[in-house]
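Chains as they are written, first to last, in the numbering used here: chain A, 1 to 282; chain B, 283 to 653.
Certain hints may be false.
[To be verified] No more than 25 Å apart at the CA atoms, straight line, and that leaves these computed lysine-lysine pairs for DSS-like:
| hint | chain 1 | residue 1 | chain 2 | residue 2 |
| --- | --- | --- | --- | --- |
| 1 | B | K312 | B | K364 |
| 2 | B | K446 | B | K341 |
| 3 | B | K341 | B | K381 |
| 4 | B | K315 | B | K376 |
| 5 | A | K264 | A | K225 |
| 6 | A | K221 | A | K233 |
| 7 | A | K233 | B | K446 |
| 8 | A | K279 | B | K543 |
| 9 | A | K55 | A | K208 |
| 10 | A | K211 | A | K221 |
| 11 | B | K312 | B | K520 |
| 12 | B | K341 | B | K520 |
| 13 | A | K225 | B | K446 |
| 14 | B | K584 | A | K243 |
| 15 | B | K520 | B | K534 |
| 16 | A | K233 | B | K341 |
| 17 | B | K508 | A | K233 |
| 18 | A | K279 | B | K584 |
| 19 | B | K386 | A | K174 |
| 20 | B | K584 | A | K264 |
| 21 | A | K174 | B | K364 |
| 22 | A | K225 | B | K381 |
| 23 | B | K312 | A | K221 |
| 24 | B | K376 | B | K364 |
| 25 | B | K381 | B | K403 |
| 26 | A | K279 | B | K520 |
| 27 | A | K174 | B | K381 |
| 28 | A | K233 | A | K51 |
In case anyone wonders, no lab produced these hints; they're calculated from the structure.
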Amino acid sequence: MHIVVCIKQVPDSAQIRVHPVTNTIMRQGVPAIVNPYDLFSLEEALRLKDKFGGKVTMLCMGPPQAEEALRKCISFGADDAVLVTDRAFAGADTLATSYALTAGVRQIAKEQAVDIVFTGKQTIDGDTAQVGPGIAKRMGLQLLTYVSRIVEVDLENRSITVERRAEGGVQVLKTSLPCLITMLENTNEMRFANLPAMIHAAAYPVRKWSKEDAGIEDLSKIGLKGSPTVVSKVFGPTPRSEKVEMLDLENSSLRDVSLNLIQKIFTRHPTLESDLLMKEMT
Amino acid sequence: MSQAPTPAAAPAKRPAGRGGRNLELSDELKAYKGVWVFIEHDRGHVHSVSWELIGEARKLADTLGCPVSAILLGGPDEPLEKFAAEAFTFGADKAYIMKDPVLKGYRNEPFTKGMTDLVNKYQPEIFLLGATSMGRDLAGSVATTLLTGLTADCTELKIDPTSKALAATRPTFGGSLYCTIMTLAYRPQMATVRPRVMLMPRADASRTGEITYDTLGMIETQVVTKMLDFIADANSNKINLPYADVIVSGGKGLKNPENFKLVFELARVLGGEVGSTRPCVQAGWVEADRQVGQTGKTVRPKLYIAAGISGAIQHRVGCEAADVIVAINTDVNAPIFEFAHYGIVGNAMQVLPALTQAFAAHLALRSRQVA
Ligand SMILES: Cc1cc2nc3c(=O)[nH]c(=O)nc-3n(C[C@H](O)[C@H](O)[C@H](O)COP(=O)(O)OP(=O)(O)OC[C@H]3O[C@@H](n4cnc5c(N)ncnc54)[C@H](O)[C@@H]3O)c2cc1C
Numbered sequence: 001m002h003i004v005v006c007i008k009q010v011p012d013s014a015q016i017r018v019h020p021v022t023n024t025i026m027r028q029g030v031p032a033i034v035n036p037y038d039l040f041s042l043e044e045a046l047r048l049k050d051k052f053g054g055k056v057t058m059l060c061m062g063p064p065q066a067e068e069a070l071r072k073c074i075s076f077g078a079d080d081a082v083l084v085t086d087r088a089f090a091g092a093d094t095l096a097t098s099y100a101l102t103a104g105v106r107q108i109a110k111e112q113a114v115d116i117v118f119t120g121k122q123t124i125d126g127d128t129a130q131v132g133p134g135i136a137k138r139m140g141l142q143l144l145t146y147v148s149r150i151v152e153v154d155l156e157n158r159s160i161t162v163e164r165r166a167e168g169g170v171q172v173l174k175t176s177l178p179c180l181i182t183m184l185e186n187t188n189e190m191r192f193a194n195l196p197a198m199i200h201a202a203a204y205p206v207r208k209w210s211k212e213d214a215g216i217e218d219l220s221k222i223g224l225k226g227s228p229t230v231v232s233k234v235f236g237p238t239p240r241s242e243k244v245e246m247l248d249l250e251n252s253s254l255r256d257v258s259l260n261l262i263q264k265i266f267t268r269h270p271t272l273e274s275d276l277l278m279k280e281m282t
Numbered sequence: 283m284s285q286a287p288t289p290a291a292a293p294a295k296r297p298a299g300r301g302g303r304n305l306e307l308s309d310e311l312k313a314y315k316g317v318w319v320f321i322e323h324d325r326g327h328v329h330s331v332s333w334e335l336i337g338e339a340r341k342l343a344d345t346l347g348c349p350v351s352a353i354l355l356g357g358p359d360e361p362l363e364k365f366a367a368e369a370f371t372f373g374a375d376k377a378y379i380m381k382d383p384v385l386k387g388y389r390n391e392p393f394t395k396g397m398t399d400l401v402n403k404y405q406p407e408i409f410l411l412g413a414t415s416m417g418r419d420l421a422g423s424v425a426t427t428l429l430t431g432l433t434a435d436c437t438e439l440k441i442d443p444t445s446k447a448l449a450a451t452r453p454t455f456g457g458s459l460y461c462t463i464m465t466l467a468y469r470p471q472m473a474t475v476r477p478r479v480m481l482m483p484r485a486d487a488s489r490t491g492e493i494t495y496d497t498l499g500m501i502e503t504q505v506v507t508k509m510l511d512f513i514a515d516a517n518s519n520k521i522n523l524p525y526a527d528v529i530v531s532g533g534k535g536l537k538n539p540e541n542f543k544l545v546f547e548l549a550r551v552l553g554g555e556v557g558s559t560r561p562c563v564q565a566g567w568v569e570a571d572r573q574v575g576q577t578g579k580t581v582r583p584k585l586y587i588a589a590g591i592s593g594a595i596q597h598r599v600g601c602e603a604a605d606v607i608v609a610i611n612t613d614v615n616a617p618i619f620e621f622a623h624y625g626i627v628g629n630a631m632q633v634l635p636a637l638t639q640a641f642a643a644h645l646a647l648r649s650r651q652v653a
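One chain only, chain A, in its complex shape:
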């Protein structure tokens, strides 16, 4: 079985701070990590490989330093890694990104046919959840998003059965291979990398493909030019003009503070109290 897992290197958004005056992102010292959602897909791919044998190839579009993210995945047990990197990709939105990644998958598939493509559910910086569906549509693959469990893979009949999280329940879907899957978060736990694997990963020759290597000739489909969306403005959240009102516990009892707070809440929100009373009566 040959599985391609697409990942992205992202800044650890929990550690990002915004400059209070210039409203720009202060990135210094913010570590770059593998998009956490992608790891649920990688782990699932590795489990399939454990079960069926075969190969897991990592694919990433990004700047040269994204090589590190791919190396990390090699240390977890992926077999091979390709970084599609070219200045021409800069500024890509999700549509242009899905085009570049699709080219990468197609090129990888020339070496060995691909059974499943995995992507993360979404990224933690862009947060769009669109790249997976985009690749699936471009490649004409069956799309399985928000998968919570892979129930069965039948390689002989080229079929796969999964559970997919939907609003209000779980869909059990059966489709044919090849397909594209995005895994839901917390559906598995990423395995640890052991020392020999880390040493292997550190020396692993990650393949770097330019746009030509990935078989892309049409510049109008990649980078800024291939992106229908245009970022017109970036700004910080407006700070709340109203200051918090603190209730002092030092000079009054817990009970008084509580009663005082309740008065304040209901005065501020005149209909809330009657809503609560209505609810209590029904």
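Add chain B with the ligand to chain A, keeping to what the hints say.
Leaving out everything else, chain B with the ligand in the frame of chain A:
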């Protein structure tokens, strides 16, 4: 990469578009008119996010002077006309209905085909979908098939006065920044919005509209993916955070899962729901459906009580639309006090029971007075 701006390009002064991009709408695409809303329904119920979007679409359409249309795909035995009538009461002028056995229950392939065909035939200018597991799955597929722009998880939708394009604002970098995104040279302009980000519109029972029917032109044997089963969530423990009027949320400051019962008790007295932060979910203290925030649910309660929650930006973006926010935290410098309306610096394990008691007593007294 993605719609998140590259940090190097973050200053707002950079003019939209560069590198010889085509930012002009072609004459052919200028014919695209109207605002569409995908009406998401499943097993007889419309997801409220669809009505919230109709309300938003109405405002956009009024600015543009064009109609709002509700898009309904479903099986022959599903009450799509009833849903359309409801859409009219919320502000839609028209409904496009596609009924086909193949469209019973959501599957990506037939829905993408149906949606794409409808867009190509009727040419809407703007197309909005809920950022749900269905809406996001469908929006990404349709946008790629149509090769148009899609902006995910928007928090504000407006019409840009100069270009008349949709200006869609969304949080990026975990909510630390916002960016406004436009699709200038492509149509339709697509956007998804999470449940509860937009206000529920008021229904006007006298409003009606016109229904147009179309056919899918696909048979079951052409659809590769089969739905073998749908396992509905058990109703009894269904958590409905986005639509709760009162939410009492607990964070890591509660120290252990046992202390969460203090949160549950206050929520019960207030007839509300229990929310939480991501670390508590990851530690297995509460169910994932209780997570409020960027990677959890967006909530819009009348009252949000946050106990032992620091107020990280990823949590803030999910709860700051609450009418009243009360924070209980031992640390006077916790960021939650930057956006709470009322704050108590104190130990949640003591404050929560006192609040529970005070609320119970107050409500009991008031209901006796009312009765
Ligand atoms: C990509 C990404 C996505 C994320 N998405 C989300 C999300 O959707 N939702 C979310 O919530 N988080 C999210 N996070 C995590 C977020 O950054 C914070 O880590 C998290 O919100 C903090 O949770 P907390 O406030 O419970 O815990 P902590 O940050 O540990 O804060 C605990 C607070 O409790 C206070 N405290 C301690 N003891 C007491 C006591 N006895 N009484 C009262 N107060 C006490 C402390 O002063 C402190 O302020 C995300 C992070 C990342 C990287």
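Now the hints, each set against the structure:
{"no.": "1", "hint": "K312/B with K364/B", "result": "violated, 33 Å"}
{"no.": "2", "hint": "K446/B with K341/B", "result": "holds, 14 Å"}
{"no.": "3", "hint": "K341/B with K381/B", "result": "violated, 29 Å"}
{"no.": "4", "hint": "K315/B with K376/B", "result": "holds, 13 Å"}
{"no.": "5", "hint": "K264/A with K225/A", "result": "violated, 54 Å"}
{"no.": "6", "hint": "K221/A with K233/A", "result": "holds, 23 Å"}
{"no.": "7", "hint": "K233/A with K446/B", "result": "holds, 16 Å"}
{"no.": "8", "hint": "K279/A with K543/B", "result": "holds, 22 Å"}
{"no.": "9", "hint": "K55/A with K208/A", "result": "holds, 19 Å"}
{"no.": "10", "hint": "K211/A with K221/A", "result": "holds, 11 Å"}
{"no.": "11", "hint": "K312/B with K520/B", "result": "violated, 46 Å"}
{"no.": "12", "hint": "K341/B with K520/B", "result": "violated, 33 Å"}
{"no.": "13", "hint": "K225/A with K446/B", "result": "holds, 21 Å"}
{"no.": "14", "hint": "K584/B with K243/A", "result": "holds, 19 Å"}
{"no.": "15", "hint": "K520/B with K534/B", "result": "holds, 23 Å"}
{"no.": "16", "hint": "K233/A with K341/B", "result": "holds, 22 Å"}
{"no.": "17", "hint": "K508/B with K233/A", "result": "violated, 43 Å"}
{"no.": "18", "hint": "K279/A with K584/B", "result": "holds, 14 Å"}
{"no.": "19", "hint": "K386/B with K174/A", "result": "holds, 16 Å"}
{"no.": "20", "hint": "K584/B with K264/A", "result": "holds, 14 Å"}
{"no.": "21", "hint": "K174/A with K364/B", "result": "violated, 31 Å"}
{"no.": "22", "hint": "K225/A with K381/B", "result": "violated, 38 Å"}
{"no.": "23", "hint": "K312/B with K221/A", "result": "holds, 22 Å"}
{"no.": "24", "hint": "K376/B with K364/B", "result": "holds, 13 Å"}
{"no.": "25", "hint": "K381/B with K403/B", "result": "holds, 16 Å"}
{"no.": "26", "hint": "K279/A with K520/B", "result": "holds, 18 Å"}
{"no.": "27", "hint": "K174/A with K381/B", "result": "holds, 23 Å"}
{"no.": "28", "hint": "K233/A with K51/A", "result": "violated, 48 Å"}
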